[in-house]
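Novice: Single-letter residue listing:
There are 2 protein chains.
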Amino acid sequence: MTPALIGIDWGSTHRRATLVAADGTSLAERVDGEGALSCAGRFPASLETLVAGWPEADAGLPVVMAGMVGSAIGWQTVPYLERDTPLSDLARHLVRVNDAPAGRRWFIAPGYCVRDDAGAVDVMRGEETQLFGALHLLGRGASDGIYVLPGTHSKWVRLQGGRVTELRTYMTGELFALLRQHGTLASAMQTSRSSDAPGLQHADVASDPEFLRGVAEAASHPALTHALFGARARVVTGALAPAAAAAYVSGLLIGAEWADAHRGAASADAHSATVRVIGEPALAALHAACARHHGRRLETLEARQIQRAAWHALANEDFPT
Amino acid sequence: MTPALIGIDWGSTHRRATLVAADGTSLAERVDGEGALSCAGRFPASLETLVAGWPEADAGLPVVMAGMVGSAIGWQTVPYLERDTPLSDLARHLVRVNDAPAGRRWFIAPGYCVRDDAGAVDVMRGEETQLFGALHLLGRGASDGIYVLPGTHSKWVRLQGGRVTELRTYMTGELFALLRQHGTLASAMQTSRSSDAPGLQHADVASDPEFLRGVAEAASHPALTHALFGARARVVTGALAPAAAAAYVSGLLIGAEWADAHRGAASADAHSATVRVIGEPALAALHAACARHHGRRLETLEARQIQRAAWHALANEDFPT
Chain Z
1 MTPALIGIDW GSTHRRATLV AADGTSLAER VDGEGALSCA GRFPASLETL
51 VAGWPEADAG LPVVMAGMVG SAIGWQTVPY LERDTPLSDL ARHLVRVNDA
101 PAGRRWFIAP GYCVRDDAGA VDVMRGEETQ LFGALHLLGR GASDGIYVLP
151 GTHSKWVRLQ GGRVTELRTY MTGELFALLR QHGTLASAMQ TSRSSDAPGL
201 QHADVASDPE FLRGVAEAAS HPALTHALFG ARARVVTGAL APAAAAAYVS
251 GLLIGAEWAD AHRGAASADA HSATVRVIGE PALAALHAAC ARHHGRRLET
301 LEARQIQRAA WHALANEDFP T
Chain H
1 MTPALIGIDW GSTHRRATLV AADGTSLAER VDGEGALSCA GRFPASLETL
51 VAGWPEADAG LPVVMAGMVG SAIGWQTVPY LERDTPLSDL ARHLVRVNDA
101 PAGRRWFIAP GYCVRDDAGA VDVMRGEETQ LFGALHLLGR GASDGIYVLP
151 GTHSKWVRLQ GGRVTELRTY MTGELFALLR QHGTLASAMQ TSRSSDAPGL
201 QHADVASDPE FLRGVAEAAS HPALTHALFG ARARVVTGAL APAAAAAYVS
251 GLLIGAEWAD AHRGAASADA HSATVRVIGE PALAALHAAC ARHHGRRLET
301 LEARQIQRAA WHALANEDFP T
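Protein chains in written order, with my numbering: chain Z, 1 to 321; chain H, 1 to 321.
It is worth saying that the hints were derived from the structure and are not from the lab.
Note that the coordinates shown come from a computational prediction; the quantities given were computed from them, not determined experimentally.
Treat the hints with care, since some could be wrong.
In silico contact screen, one side only, chain H against chain Z (beta carbon under 8 Å); selected entries [stated by the list, open to error]:
1) R168
2) G183
3) A223
4) L228
5) R234
6) V236
7) A239
8) A256
Ideal Cβ positions, reconstructed from N, Cα and C, are used throughout, including at glycine.
Just chain Z, with the same shape it has in the complex (with noise of 0.2 Å):
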């Protein structure tokens, strides 16, 4: 099968390119830890490392990046679409690289900025992506709904007529991994069951006591900086093990998320939908546990699936010259 595109998740810390065939095959894959953080100065270099042996990028085959490549840390700064352009013109607000060699067609897509009602305002770079990808695969209508895409940075999005109508951006990961690496409770949550995996993904998890607990914490009192010390409260007190305290903050944190998500949920229609989770399986897990807690649905969408759909879907598009 011909090559038609090489797709490039580009993030702070890794990268994940895939040479893409018209229809979609994944015909090779490369991930390496040259995430944008470390390439300041060397993209082009480093970008033709990524695709080097891969014959066809030095035949004008088109590249595109997305995620932190993007942004004001990464290779050029693209700047966000705004909520009223459709996520299905992405490719057409593809940005060309400005230093790319002669005959190097090398994009970066644009992240989303989106204001709500209220004026408040929330940005993504990458899920965009992923969401088209969601978009072709499940055509427009049925794509219509609430998508978490759960990370160092939780997003919250609704899809109406392949629109993002709202974003609500949740720093989960990245404060899970602070509480674990620093401070009072990072003692107790070294030795946790979940010591030996990264972040919150560990597949345990989701069925521990302890995880269930936080979630209903969050559920019933939204006062996070509180619940934290109540870990270390009943840490000391003997009330909670040290091994399940990692189980427990993880609760409290993702919690949050559809405790809010449950607040905010203003329709009916919120309160019943299906959510849909784009991630990897022990973290899907996870919120499949808390979908459950708040008796809604979930649907989880395979997030290596979801951007071979994306990069498939380019493939297929034509690109701004």
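We have chain Z; now place chain H onto it with these hints.
Specialist: Just chain H, lined up with the frame of chain Z:
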């Protein structure tokens, strides 16, 4: 005047010793960085060094230590008092240090462990001695009410008839420090106006519009992890000057305490009663701004004065033999 007591506020990272006369006069004071965390294995020698040259220390003058010195990371674990133990009985619950040399009268104050009616547990160590000081300064009846003791772990306490009937701790200062030193908000917060001040304590912050905006955001939207990302989103979209990010985050965190107190205030009196803050002037100013936002009266009790009142009162009590 004859010295009557040596009182030591001995926290995790610092300690402050006061030589007190029976009439409450502070005859001498010493502060150093020999907190409980750094004295493991050498507490007796460390105490001797602290009081060296105060000759009365050799003559059996009682030494009372309060704070983390009585915790598992301290000199000797002193069990918590429970909610039904009157604060006025503190002196009789002082615990003699096991490994004190002959002739030394060394005591550690117990903390409090308070369970609410729903079974949630909270703890304090050190603050009980400050509250004991407030009780004596104000008198039993007049001391009824709500107290805030801000800091790394901010305490909200209700005193009723000389008892600690409610206790809620917020990880305010610790979380602020974590966010300031690590992660995606750190770079903005480092360049802020408060970069020369430790923690949240900067006199200018209380009148900073971004501090007040953070307080208002916390009052209307309790999802802290979303609001924290919102600070980042506002910085990257140019809506928040990096120099003001620390003030905004201060407002979110301290404001979260007030929002929670407001939500939790079941009785009408709790909405109208004066809140007393026991703290340094700069931190008290931040709480005063929060009180104004919530339409509450605030009375400031200077922390050092309260601590001296505690040592004064203890100097006139009988201790366990």
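Novice: It remains to establish, for every hint, whether it holds in the given structure.
Specialist: Structure-based check of all given hints:
no., hint, result
1, R168, "holds (6 Å)"
2, G183, "holds (5 Å)"
3, A223, "holds (4 Å)"
4, L228, "holds (5 Å)"
5, R234, "holds (6 Å)"
6, V236, "holds (6 Å)"
7, A239, "holds (6 Å)"
8, A256, "holds (6 Å)"
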